[in-house]
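Chemist: Letter by letter, the chains look like this.
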Amino acid sequence: MALVVLPAVPDVKADLLKALGTSFGRKGAPGGLPEVTAVVRDVTQDRERLAGYDRVCGFRLRDQVSATWLHVLTFPLQTHLMARRDFPFPLPGVLHVSNSMTQYRPVLVSERLDLSVRAADLAAHRRGVAFDFLAEIHSAGELVWQGSTRYLAPGAPMDGLPPVSVDERDFPVVEGTRVWRLPADLGRQYARVSKDANPIHTSTLAAKALGLPRTIIHGMWTHAAMLAALDQRLPDAFTVDVRFTKPVLLPSKVRFGQRAEDGGWWQAVTTVDGLKPFVLAHIQPLKS
Amino acid sequence: MSAPRAVIVGGNRVPFVKMGTAYAKASAQDLLTAALDGLVARYGLAGQRLGEVAGGAVLKHTRDFNLTREAVLGSALDPSTPACDLAQACATSLEAVIYLSNKIATGQIQSGIACGVDSTSDAPIVVTEQLRQTLLALNAARTLPAKLAALASIRPAHLAPQAPAVTEPRTGLSMGEHQALTTKAWGITREAQDELTVASHQALARAWSEGFFDELVTPYLGVTIDKILRPDTSMEKLAALKPVFGGPEGTMTAGNSTALTDGAAAVLVVSEEWADIHHLPKLARFVDAEVAAVDYVDGEEGLLMAPAYAVPRLLARNGLTFDDFDFIEIHEAFAATVLSHLAAWESEEFCTTKLGLTHALGAVDRAKLNVNGSSLAAGHPFAATGARMTASLAAMLKAKGPGSKGLISICAAGGQGVAAILEAV
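Protein chains in written order, with the working numbering: chain A, 1 to 288; chain B, 289 to 713.
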C-alpha cells in the first residue's frame with residue numbers, strides 16, 4: 001500500500017467538485033479500491049472551528065475534543081480519495097450506512113495530530129457494493145483514535161466479492177425520552193463547521209435531484225449529537241458503533257433515548273412516534 | 289449533640305481572562321461546567337450525588353434560567369444532584385457558600401458546591417423596548433392586516449441591539465460613577481489607589497510563581513494563568529492612565545478599576561463528617577456571615593459601602609476585632625472601594641454616627657490585606673468572585689495552621705455587602 005503524504009489537509013469543496021465532475025466513466029467495483037493511504041502530518045486543530053462545531057452539535061466547549069470531531073478531521077482525506085480518478089465509485093448516490101470508532105484516550109485541542117485514511121473491505125451488500133474508509137489518528141506516535149466509515153454504492157452486487165461483514169448484534173430500539181427539533185438550516189450550520197459541503201445537506205434542489213423531498217442532516221451530526229447527550233458520562237476510552245438506517249429530513253422533529261447496560265450505552269434516534277429508527281448507536285468502554 | 293459544621297474542602301476555577309479574548313466563544317454554561325468538572329476531578333466526585341449545587345451568573349441569558357442545574361447535568365456529577373440558581377450580584381457565590389453552609393448546619397444536606405460564572409463575552413443582547421412591544425403585538429395579531437400594521441410600526445432606530453447596562457437601574461449611574469462619588473467624599477487619592485493596585489498585581493504574581501494556584505486553578509481552552517495579571521505594572525505606568533470615572537479631575541482609571549472579565553469558580557462545602565467519610569481535606573470551617581444593605585439611591589450612603597456595615601456587625605456578633613484575623617480579603621471592585629471601607633472603619637465619626645459604635649473600629653493591618661492579590665489583578669467575573677475568594681482564603685488558612693482566622697468582604701450592586709468568617713480546621 002503506497003503512502004500519499006499530502007502537504008496540508010485537502011480542500012473538501014474542491015475535491016467534492018472534482019468528484020462530481022468526474023462521476024461518469026468510473027469503473028465500479030471491478031476497478032478495485034485505490035491502493036493508497038492518504039496521510040497528513042502535524043495537523044493543528046482550529047479552536048475557533050471547534051467552538052463552532054461544539055455549539056452546533058451540543059458539546060460543551062472543553063479542551064478535550066469529541067471522538068466525532070476527530071472523524072471530522074479525517075473527512076477531507078476521505079473526499080480526497082473519492083475524488084481520485086482511480087476511485088471506482090461515483091460520488092452521487094454513495095450512502096454512509098454505518099460507522100465505528102474507538103477513542104483510546106481523551107485528545108486535547110492543543111495536540112498536533114497525524115491523520116491517515118485508506119479505502120478497504122470491498123464487499124458484496126444486498127443493495128450493492130460496500131466499502132470502508134479506515135482512518136487512524138496518531139499523536140506524537142501514539143495511536144489515539146481509529147475510525148471505520150462504511151459506505152454503500154448502490155447497484156448490482158458484483159460476483160466474486162466476499163459478503164459484507166455484518167455486525168450481528170441486535171441493536172435494541174431504546175425508548176425515546178427527549179424530543180430534538182432540527183431546524184431547516186441545520187445542514188448548512190453543520191456543513192460550515194464540519195467542511196462536509198455535500199449539497200444534499202444544504203440545497204433542496206440537490207436533494208430533489210437525488211430523489212429526496214428535502215435536504216437531510218449529515219449522519220455525523222446525529223452521531224455527534226448522540227455522543228454529546230452523554231456529556232461527561234462518556235468514558236475516556238471507548239468504542240462506538242453506529243447504524244444509519246434512514247435519512248433524517250430537515251426540518252424535523254425526532255425522538256432520542258439512551259439506556260445504560262453493562263457499563264455501556266444503547267442509544268436511538270427515531271421518528272417522533274418511536275416506530276422507525278433513524279440512527280442506532282452502541283457505546284462500549286474499553287477495558288483497560 | 290452539637291450542630292454539624294460546614295467546612296471548605298477546596299475549590300477550583302478556570303484562569304480568568306479579559307472579556308472578548310480567549311473565552312469569547314465559551315458560553316456561561318461552558319465556563320461553569322469547566323469549573324465544576326475541574327472540582328469533580330480534583331476531589332474524585334465523578335458519579336457522586338451531592339446534596340446541592342448552588343450558583344449563578346449576573347449577566348444571564350433567558351435560556352440559562354436553570355444555569356446551575358444544566359451545568360450539573362453536563363458535568364460528571366450524578367445527574368440526581370439537585371441545583372439552584374441564586375443571585376446577589378457580585379456577592380452571588382459567597383451567598384451560595386452561606387446558603388449551603390446553613391443547610392449543612394441544619395442537617396438538611398451533607399455536601400454541596402457553591403459556584404458562579406460570568407461571561408461578558410456571552411452577555412445577552414436585548415432588543416429595544418419599542419421593538420419588543422412590536423414583536424409582542426405581532427405575536428398577538430390574528431389577522432394579516434393586524435400583523436402588517438404591527439410590522440409597519442418598526443423604525444430603523446428600534447433595531448439597534450441593546451447591550452446589557454451595568455448601570456444601577458434607580459440612579460442611572462454606572463458602578464464606577466457611583467464609586468467616584470464615594471472616592472471623592474472620603475478623599476481617597478490617586479496615589480493610594482495606584483499603590484493598592486500595584487500591590488494586588490505583585491501579590492497575585494508572587495502567589496502564581498509560588499504555585500499557590502496549582503491546587504485552585506485548572507487550565508481552560510489553552511489558558512493556564514490569569515490573563516489580566518500584569519506582574520510588571522508600576523506606579524509610573526499606572527500614573528500615565530487617564531481618569532475614566534469622576535470627570536477630568538477624577539482619580540479612578542482603567543488600571544485601578546477591575547476589568548470586565550470572563551471566568552467561573554466553584555468551591556466544595558461539606559459537613560465535617562462527610563469530609564471524613566470521603567477522606568477529603570478540611571481546609572477551613574465556615575464560622576458566620578452577615579449581609580448588609582445601604583440606602584444609596586438618594587445619596588444617603590455610597591453604592592459600594594454596604595460592607596463597611598456588614599463587617600462591624602459580623603465582628604461584634606462574634607466578639608472579634610481586626611487583630612484576631614490572620615487574613616483579610618476585601619474584594620477590589622475598585623481600589624478606591626477597598627480604601628473607602630478602610631477609611632470608614634478608621635473614622636471616629638463614621639463609626640459612631642453610622643454604626644452606633646462608641647469609637648472607631650480601627651485600622652486593618654495592610655500586611656494581612658489581600659495577601660495573594662485580589663480582583664484588580666485576578667479580574668472579576670462578577671458571580672465567580674465569591675467562590676474564588678472563599679477557596680483561596682481557605683487554602684491560605686490551611687497553610688497558616690489550625691485556629692487561624694480569615695475575613696471575606698464583598699460589595700455588590702444594589703447597595704449590598706456580604707461578609708463571612710472562615711477558621712482553619
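Everything labelled a hint here was simulated from the structure, so no lab data went into it.
Be careful, since some hints might not be right.
[Said to hold, decoys possible] In silico contact screen, one side only, chain B against chain A (beta carbon under 7 Å); selected entries: (1) K313; (2) A314; (3) D318; (4) T321; (5) G362; (6) A364; (7) S368; (8) G510.
[To be verified] Pulled from the structure, derived: some chain A residues nowhere near chain B, Cβ distances all over 10 Å: (9) L61; (10) V94; (11) V109; (12) R259; (13) L275.
These numbers come from a predicted model, not from an experiment.
Note that CB positions come from ideal geometry on N, CA and C, so glycine has one too.
Chemist: Each hint: holds or not?
Modeler: Results of checking the hints against the structure:
| no. | hint | in the structure |
| --- | --- | --- |
| 1 | K313 | holds (4 Å) |
| 2 | A314 | holds (5 Å) |
| 3 | D318 | holds (4 Å) |
| 4 | T321 | holds (5 Å) |
| 5 | G362 | holds (5 Å) |
| 6 | A364 | holds (4 Å) |
| 7 | S368 | violated (13 Å) |
| 8 | G510 | holds (6 Å) |
| 9 | L61 | violated (4 Å) |
| 10 | V94 | holds (34 Å) |
| 11 | V109 | violated (7 Å) |
| 12 | R259 | holds (14 Å) |
| 13 | L275 | holds (28 Å) |
Violated hints, listed in ascending order, are 7, 9, 11; each of the other numbered hints is respected by the structure.
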